[in-house]
Amino acid sequence: LGVYPGALNTPDLVLNEGKQPAGALIIGLGDVGALSMQTLTTSYSRGLLRYALLRRDAVLAQAALQPSAAFSVPLELSSLLVGTLAGGLSLREALIAILRAIKLANTALQSPALESETWLRFQSLEVVELYADKAIEAARLLRELLQQAEFRDDFTLSSWVHIVPGGYSRVMYSEPSGW
Numbered sequence: 001l002g003v004y005p006g007a008l009n010t011p012d013l014v015l016n017e018g019k020q021p022a023g024a025l026i027i028g029l030g031d032v033g034a035l036s037m038q039t040l041t042t043s044y045s046r047g048l049l050r051y052a053l054l055r056r057d058a059v060l061a062q063a064a065l066q067p068s069a070a071f072s073v074p075l076e077l078s079s080l081l082v083g084t085l086a087g088g089l090s091l092r093e094a095l096i097a098i099l100r101a102i103k104l105a106n107t108a109l110q111s112p113a114l115e116s117e118t119w120l121r122f123q124s125l126e127v128v129e130l131y132a133d134k135a136i137e138a139a140r141l142l143r144e145l146l147q148q149a150e151f152r153d154d155f156t157l158s159s160w161v162h163i164v165p166g167g168y169s170r171v172m173y174s175e176p177s178g179w
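In this text, residue positions in the sequence shown follow my numbering: the first is 1, and each later residue adds one.
Hints are computed from structural coordinates only; laboratory data are not their basis.
Check each hint, because a few of them may be wrong.
Claimed, not checked - Cβ-Cβ distance ranges computed for the label pairs, FRET-style:
no., residue 1, residue 2, range
1, 74, 170, 31 to 39 Å
2, 53, 6, 16 to 24 Å
3, 157, 80, 16 to 24 Å
4, 19, 111, 30 to 38 Å
5, 19, 144, 30 to 38 Å
6, 162, 19, 17 to 25 Å
7, 160, 58, 29 to 37 Å
8, 77, 57, 13 to 21 Å
No residue lacks a Cβ here, since even glycine has one placed at the ideal position from N, Cα and C.
Modelling step: build the complete structure from the supplied sequences, incorporating the hints.
Shown next as structure tokens:
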């Protein structure tokens with residue numbers, strides 16, 4: 001039917017209002033093996049903006065019922081480590097692309113072109129990973145990346161790794177050697 005996002009820049013949003021998880025953002029990653037940091041950043045950012053604008057419309061509809069002054073809406077995000085398996089990106093590259101996408105989305109959401117007194121900003125990122133060793137490596141890389149000039153002023157690491165039921169343990173995570 002051609003309705004599932006597959007091509008780059010083809011996000012889809014499935015909401016589950018009032019429940020946990022609150023929904024899912026599915027991002028088209030293009031052809032297997034053709035994903036780059038830049039294309040992941042662009043596709044991911046477009047998906048984030050689609051979600052933010054949908055949230056803005058819902059907030060504005062509620063605000064119309066209860067008019068008030070300008071207000072801010074914090075957006076929270078849980079993300080898989082997109083593109084790190086068959087996508088061909090290293091864990092580090094995927095994390096950089098995700099952080100850049102969030103920065104791009106937040107910059108776009110501050111645009112005066114939105115002409116709204118409702119300000120949206122992605123304020124929380126939770127990285128979800130099935131394997132504990134890969135989650136620990138991602139947390140280590142995030143801590144390292146957030147000390148770099150590109151990200152230092154936009155992100156802080158508030159917690160380390162939380163082990164929850166349903167995850168798996170392996171002796172050690174290593175990047176795949178490629179195709």
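Residue 162 versus residue 19 beta-carbon gap, inside 17 to 25 Å or not: 21 Å, holds
Outcome of range test on Cβ distance (residue 19, residue 111; 30 to 38 Å): Holds, at about 31 Å.
Verdict for residue 157, residue 80 (Cβ pair) under range 16 to 24 Å: Taking Cβ atoms as reference, residue 157 and residue 80 lie about 18 Å apart, which means the hint holds.
Consistency of beta-carbon spacing, residue 58 to residue 160, with hint 29 to 37 Å: 33 Å, holds
Cβ distance range 30 to 38 Å for residue 19 and residue 144, holds or violated: 35 Å, holds
Range hint compliance [Cβ, residue 77 to residue 57, 13 to 21 Å]: About 18 Å separates the Cβ atoms of residue 77 and residue 57, which means 13 to 21 Å holds.
Cβ distance range 16 to 24 Å for residue 53 and residue 6, holds or violated: 22 Å, holds
31 to 39 Å as the expected CB spacing between residue 170 and residue 74, which holds or is violated: 35 Å, holds
In terms of the numbered hints stated before, the structure departs from none.
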